Amino acid sequence: KAGVTQTPRYLIKTRGQQVTLSCSPISGHRSVSWYQQTPGQGLQFLFEYFSETQRNKGNFPGRFSGRQFSNSRSEMNVSTLELGDSALYLCASSSDRSNTEAFFGQGTRLTVV
Amino acid sequence: KNEVEQSPQNLTAQEGEFITINCSYSVGISALHWLQQHPGGGIVSLFMLSSGKKKHGRLIATINIQEKHSSLHITASHPRDSAVYICAVNYNNDMRFGAGTRLTVKP
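Chains as they are written, first to last, in the working numbering: chain W, 55 to 167; chain P, 34 to 140.
These are calculated hints, taken from the structure and not from any lab test.
Here the structure is a predicted model, which is why all the values come from computation and not from measurement.
A portion of the hints provided could be inaccurate.
Claimed, not checked - Quick look at which bits of chain W chain P covers, simulated, 3 or more residues with Cβ under 8 angstroms:
| hint | stretch |
| --- | --- |
| 1 | 91-99 |
| 2 | 103-113 |
| 3 | 155-167 |
Said to hold, decoys possible - Simulated restraints, written as ranges between beta carbons of each label pair:
| hint | chain 1 | residue 1 | chain 2 | residue 2 | range |
| --- | --- | --- | --- | --- | --- |
| 4 | P | N43 | W | R69 | 22 to 28 angstroms |
| 5 | W | S133 | P | G90 | 29 to 35 angstroms |
| 6 | W | K67 | P | N43 | 29 to 35 angstroms |
| 7 | W | N125 | P | V77 | 20 to 26 angstroms |
Note that CB positions come from ideal geometry on N, CA and C, so glycine has one too.
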């Protein structure tokens with residue numbers, strides 16, 4: 055069974071640009087969650103999608119958005135990039151939205167210059 | 034104050050030693066996870082617990098719901114166990130994370 059796949063693995067963008075990251079969950083998983091990891095703040099929850107609906111959202115500005123497609127693949131978008139958005143963005147998939155084991159992707163390392 | 038506190042922040046051990054990493058949380062949770070992150074960023078889920086104790090090979094995880102505390106133990110540690118270990122809890126339909134424990138096992 056293929057694991058969670060995130061693309062791209064590395065990305066360099068300029069301040070003010072926007073970026074889209076992709077996450078393909080494990081086949082059959084309907085829940086996809088996104089997380090940001092920075093050296094200063096550690097891991098923080100961005101949002102969770104289940105069956106194409108955003109079910110939960112963390113405490114991030116509206117520049118951070120996401121969506122989920124009918125095949126459970128998910129994308130997250132960050133608009134008007136700031137230097138502080140430089141981070142490792144991780145997604146995790148699980149078979150249900152609560153209390154099931156989460157499987158993480160390798161992450162996308164975003165650098166904003 | 035972070036809802037999830039881990040200790041120690043850093044841990045250095047000799048190969049073969051028994052290791053314990055602790056996690057305390059201050060909120061009502063539905064489950065607790067122990068995660069392992071190697072350099073390069075990929076995260077592996079080691080355990081998900083809602084009560085009691087679980088064991089996978091040399092790894093043991095325990096949780097005490099009343100005391101809001103969990104421990105991760107590694108028996109007969111090996112250099113390949115060197116990684117960051119992160120405690121995370123399911124709280125209010127999202128996940129909250131500890132700051133992580135950086136473990137280095139020397140041969």
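Against the structure, the hints:
no.: 1; hint: 91-99; result: holds (count 5)
no.: 2; hint: 103-113; result: holds (count 3)
no.: 3; hint: 155-167; result: holds (count 8)
no.: 4; hint: P:N43 x W:R69: 22 to 28 angstroms; result: violated (34 angstroms)
no.: 5; hint: W:S133 x P:G90: 29 to 35 angstroms; result: violated (44 angstroms)
no.: 6; hint: W:K67 x P:N43: 29 to 35 angstroms; result: holds (32 angstroms)
no.: 7; hint: W:N125 x P:V77: 20 to 26 angstroms; result: holds (25 angstroms)
Of the numbered hints given earlier, the model fails hints 4 and 5; all others are met.
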